[in-house]
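Enquirer: Input sequences plus hints: build the corresponding full structure.
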Amino acid sequence: MKPTAESSYCWDTGDAVTQDWLPQSVTSSGDADNDGVWGTNKVILSGWGQNGTTTTTDHMGRIAFIDANDPSNFKYRWVLPVIPLNGGTDYRALKSHMGGMVWYQDKLIVTSWEGDADNNVMYIFDMKRILQATVNSSAVGKVSGGWSADGYQYVMPAIGSYSLAGGACSSTNDDSRPCFGSISLDRSSVPDSLVATEWFSSGGTQPARIWRYDFSSEPGYLATDSSSHVNASAAYETNAVGLQGVLSHSATSGGTPNFYVDDARGGVGQHGILWRQNTSGATAAANCGQDITYACWGQHTESMSYWWSTGRVWTLTEWAADSAGHWTGTDTAIPQRVLFSVPLSSIDSSLG
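The working numbering numbers the first residue of the sequence shown as 272 and each following residue consecutively.
No incorrect hints appear here.
Here are the simulated DSSO-like pairs of lysine-lysine, each with C-alpha atoms no more than 30 Å apart in a straight line:
no., residue 1, residue 2
1, 313, 273
2, 313, 399
3, 413, 366
4, 366, 399
5, 366, 313
6, 346, 366
7, 346, 313
These are calculated hints, taken from the structure and not from any lab test.
Expert: Following this line, the structure appears as structure tokens:
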């Protein structure tokens with residue numbers, strides 16, 4: 272048996288084939304609140320990072336705000352995350368790969384890592400603070416006549432950040448300070464927690480570390496010690512490599528967690544591998560291809576998010592390469608990007 276998608280959605284034509292932007296992360300109102308709605312609305316957020324091709328070198332991030340109220344008619348609008356400057360009198364674009372996002376209560380936490388200009392910082396955004404640009408230009412920030420956002424209509428300014436202690440991170444080995452890859456929310460832990468993983472190439476051999484931060488009683492913020500430091504409440508290492516997403520979930524509140532991690536292999540037409548792991552061992556989703564055993568997850572999938580009230584795991588695929596797997600910056604890209612959900616029960620039943 273293989274995991275069976277329950278719903279799937281394609282992007283508008285331009286977003287489906289652009290090689291300038293890569294879909295990386297997903298979170299939702301299913302993370303934000305136990306009932307799965309923000310006010311009265313079901314919302315999914317998808318973070319995309321600028322690819323740094325010949326036509327785009329700024330490495331900005333952007334977020335698709337998706338109206339998910341009607342399962343047959345998803346609609347979305349782009350919002351540009353920005354960093355305030357000069358005491359809030361100006362702003363610049365967030366420089367981020369957008370590898371991970373967690374929407375918890377009224378806050379949105381977004382990662383960056385060593386390849387980003389905003390080096391390995393988790394930024395905090397307030398979902399109640401989204402501003403409308405007043406000037407349509409390629410600039411980002413304060414301009415003559417008002418405020419611009421590179422042609423986008425809305426900006427979301429950061430209100431704070433968490434920085435890695437002890438200096439810059441490195442993704443060269445698992446002995447250095449880890450670089451944030453993907454993050455997700457675990458509502459089955461006590462208290463609720465944010466789970467993070469580091470990323471190494473799927474073609475490498477470095478095992479990845481997974482760690483956890485507890486949330487505090489202050490809405491949307493991580494718990495701190497008496498020195499205002501956020502300390503990991505648990506840490507693990509897995510032999511799985513090339514991790515793009517991580518979920519932690521226990522069948523009982525505060526119980527022993529299972530970690531679900533996905534490895535997105537880089538070849539043309541290659542399915543990814545989805546593992547369920549705990550301290551006792553690991554199992555993988557059943558085989559659905561001839562090229563490798565237990566390769567039965569989406570092709571080139573990225574981060575994952577668990578919608579608590581529905582029992583669905585949401586994820587998304589990245590690729591828009593040509594038929595040979597090349598990222599050429601031309602119009603030969605094949606649309607392979609899908610946003611989809613799979614019941615966690617279907618994943619569990621497929622594990623061998």
